[in-house]
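K.L.:
Could you build all of it, start to finish, from the sequences and the hints given here?
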Amino acid sequence: MLLAFALGLYYFWLNPLATMWVLVFLSAIFFFGFSFYAIIAATVPDKNPPAPKKWPSLSIIVPCYNSGRTLEKCLTHIKGMRYAGKKEIILIDDSSSDSSAKIAARMGVRVVTKKGGRGKASALNYGIKLAKNEIVVAIDSDTYPPKDALEKMVPYFYAGPKVGAVTVFVTAFEPKNLLQRMQQLEYYSAFGFVAKTMGKINGLLVTPGPMSAYKRSALNEIGGFDEKNMTEDMEIGLNLHKHGYAIECCTETHVPTEVPDTLSKLHRQRIRWYRGTIYNLKLYFHMFLNRDYSDFGVFSYPTTTIYVATTMVMWTVIAFNLLSGVLNAAQITAAWLAIGELPVLHPESVLLVNSASVFLVASVLVWWHFLFQSLKLINVKLRLEHLVPAGLIILFYPTLNSFFYFDSLLREATQSEFEW
Amino acid sequence: MVTKRFYVGAAALALFFLLVSYLIAREYDSSKFGSVESQVRSYQAESEETRLLLSYADTFGEQDEEAFCEALQLNIRKSRDRGYALVNRLRDFERANLLADYELVRRQYYLNNVELWLQSTQAEQKCGQKDSRLALFFTETMRTCNDCLVQGEVLDALRNQCPSLQVITLATDLGLAPIELAKKRFGVNTAPALVVDNSKLLTGVKTRAQLASELGCN
Chain A
0 MLLAFALGLY YFWLNPLATM WVLVFLSAIF FFGFSFYAII AATVPDKNPP
50 APKKWPSLSI IVPCYNSGRT LEKCLTHIKG MRYAGKKEII LIDDSSSDSS
100 AKIAARMGVR VVTKKGGRGK ASALNYGIKL AKNEIVVAID SDTYPPKDAL
150 EKMVPYFYAG PKVGAVTVFV TAFEPKNLLQ RMQQLEYYSA FGFVAKTMGK
200 INGLLVTPGP MSAYKRSALN EIGGFDEKNM TEDMEIGLNL HKHGYAIECC
250 TETHVPTEVP DTLSKLHRQR IRWYRGTIYN LKLYFHMFLN RDYSDFGVFS
300 YPTTTIYVAT TMVMWTVIAF NLLSGVLNAA QITAAWLAIG ELPVLHPESV
350 LLVNSASVFL VASVLVWWHF LFQSLKLINV KLRLEHLVPA GLIILFYPTL
400 NSFFYFDSLL REATQSEFEW
Chain B
0 MVTKRFYVGA AALALFFLLV SYLIAREYDS SKFGSVESQV RSYQAESEET
50 RLLLSYADTF GEQDEEAFCE ALQLNIRKSR DRGYALVNRL RDFERANLLA
100 DYELVRRQYY LNNVELWLQS TQAEQKCGQK DSRLALFFTE TMRTCNDCLV
150 QGEVLDALRN QCPSLQVITL ATDLGLAPIE LAKKRFGVNT APALVVDNSK
200 LLTGVKTRAQ LASELGCN
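Chain order of the listed sequences is A and B. So that you can map any letter, position 42 of the first sequence is 41 in numbering that gives the first Met the number 0, and since no number is skipped, the others follow by simple counting. So that you can map any letter, position 31 of the second sequence is 30 in numbering that gives the first Met the number 0, and since no number is skipped, the others follow by simple counting.
In short, the hints are calculated from the structure, not lab data. Cβ coordinates follow ideal geometry from the N, Cα and C atoms, glycine included. Keep in mind that a hint or two might mislead.
Stated by the list, open to error - Calculated lysine-lysine pairs in the DSS-like style (CA-CA distance at most 30 Å, straight line): (1) B:Lys3 - A:Lys46; (2) A:Lys241 - B:Lys3; (3) B:Lys183 - B:Lys199; (4) A:Lys214 - A:Lys161; (5) A:Lys151 - A:Lys78; (6) A:Lys161 - B:Lys3; (7) A:Lys113 - A:Lys264; (8) B:Lys3 - A:Lys281.
Claimed, not checked - Facing chain A, according to a computed beta carbon distance under 10 Å, are these residues of chain B, among others: (9) Tyr6; (10) Phe15; (11) Phe16; (12) Leu17; (13) Ser20; (14) Leu53; (15) Ala56; (16) Asp57; (17) Thr58; (18) Leu73; (19) Tyr83; (20) Ala84; (21) Phe92; (22) Arg94; (23) Asp155; (24) Leu175.
P.N.:
Here it is as structure tokens:
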């Protein structure tokens, strides 16, 4: 099987004409997106809101289900966050069967057990009902916010006239293996410079699950989180836009969160994310190119939709090439075996650089620019240990993500059962 | 607020990136194409030299037959080596190409192979020496022909093992008139096919041992 895959890849690179043009097409879209971000970043000033005269009261809600492994660390970080205003911490235990509730209680955190275990969105809504304060901060139980997170985030609620939510720069917590290191770079580039730029034009679609802050009045107005949604953090972002709320992005601090450490866990996570993305894009399609939703409708929503569509196109082409490569390799191998000899391969043919790679290299340089801009935001320096994952993320990640998107599309189209 | 100037600016910047990438890709393609094209030209120049040698002999007769035959065979050997080295290069470069047009150079190459074949045959007729075996390898080049690929590799290996073997590759799917005539002459209607010493037709993929025996290359 592995040999067939390797041979497929080998012959795929020998016969990549269609893929070459897809690469050029995707590069063109990527260049346009990048140029847009670059122009916004260069021309729209940073908001840098000053600290409010009176800090609003806030309720931190931590939905939790069997989080014994990470909860103590998470709550230690949450309790360690500085905040000049009034704050409360509520842990919503979604009927855990482990010691999560005991850990939280031992640490002096208010624990509310919710019977029935109906998922994160339901737990969050339960917490919102209990919250009494102006701002609701939702934090995942495997996320470790730094001391200054609240101090940096809350002023953004005063950066515009109708701010409904504030997001933060989410990063991967202490990556241990290659897969996690790749995700670390992915998080840097996605939640840093790109998110900040989108935030400048009120173009953020998602309020990331690991940590986001909301105005309680806005949550009440829009009816809280959609409990049937796979990606409630995206749905609520879209719903806030629908009701005319702005989403601000704070990148002055970063919030580490646990990321999947195996391919199967990553697959499960991404199926949820991407299936949710497809579902939500469909659900809020009336916003597509709709001027009533301003820049969000005219720019952010369509670009995200185009990104999802092109990623799937890319996967389709790659899958087709891989499949034909595998079939071709099988036929060639069969032809060799039929004459009693082993296949002869010419690595020099594969090493011959394809001209379309120029477009790929240019796209990679653009991506590196995003990455460096993101790292600058949080004063992180790129180290030697990032080099291998940075190379692999370019070669391996787009294909993997395309596959996840394609898989998600199939599951969504067939309405297969959803696994959390 | 995103205004039209953002879109125009982004489109202009994106076009700039595309243009720069396009120019680099075109330059890269041109350099690869240029190298193949110059090799095909050298190949053609060598054939031309052989052609002139034959023409000279036809015009004035061979006064020093030994020197003539030596020069002729040396030229043909040189052409043969150059032509053979080009076949994989041409295929690989074309597959890694995005913007250059290889059609003409491909036709020139295979037409020159026909010329080499005819010159080899003429040399044999004129000099009467037979120190090598000639195998015409009929193959498809435009569509995937796995058997052709395998047979080409087997012939490569055999050629390294047996320097006296002369293999000339003829593309059956380019619609080149001389190759169509050759196909008709030898009854070739499938690829891969081999015609040994302008007479014996072998079709289908042959093993190295089978070919070694057919071509007297042990």
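K.L.:
State for each hint whether it applies.
P.N.:
Results for each hint:
no. : hint                : result
1   : B:Lys3 - A:Lys46    : 22 Å, holds
2   : A:Lys241 - B:Lys3   : 23 Å, holds
3   : B:Lys183 - B:Lys199 : 14 Å, holds
4   : A:Lys214 - A:Lys161 : 10 Å, holds
5   : A:Lys151 - A:Lys78  : 16 Å, holds
6   : A:Lys161 - B:Lys3   : 24 Å, holds
7   : A:Lys113 - A:Lys264 : 26 Å, holds
8   : B:Lys3 - A:Lys281   : 27 Å, holds
9   : Tyr6                : 8 Å, holds
10  : Phe15               : 8 Å, holds
11  : Phe16               : 4 Å, holds
12  : Leu17               : 6 Å, holds
13  : Ser20               : 5 Å, holds
14  : Leu53               : 36 Å, violated
15  : Ala56               : 40 Å, violated
16  : Asp57               : 42 Å, violated
17  : Thr58               : 45 Å, violated
18  : Leu73               : 29 Å, violated
19  : Tyr83               : 15 Å, violated
20  : Ala84               : 13 Å, violated
21  : Phe92               : 7 Å, holds
22  : Arg94               : 6 Å, holds
23  : Asp155              : 8 Å, holds
24  : Leu175              : 23 Å, violated
In summary, the structure is inconsistent with hints 14, 15, 16, 17, 18, 19, 20, 24 from the numbered list given earlier, while agreeing with the others.
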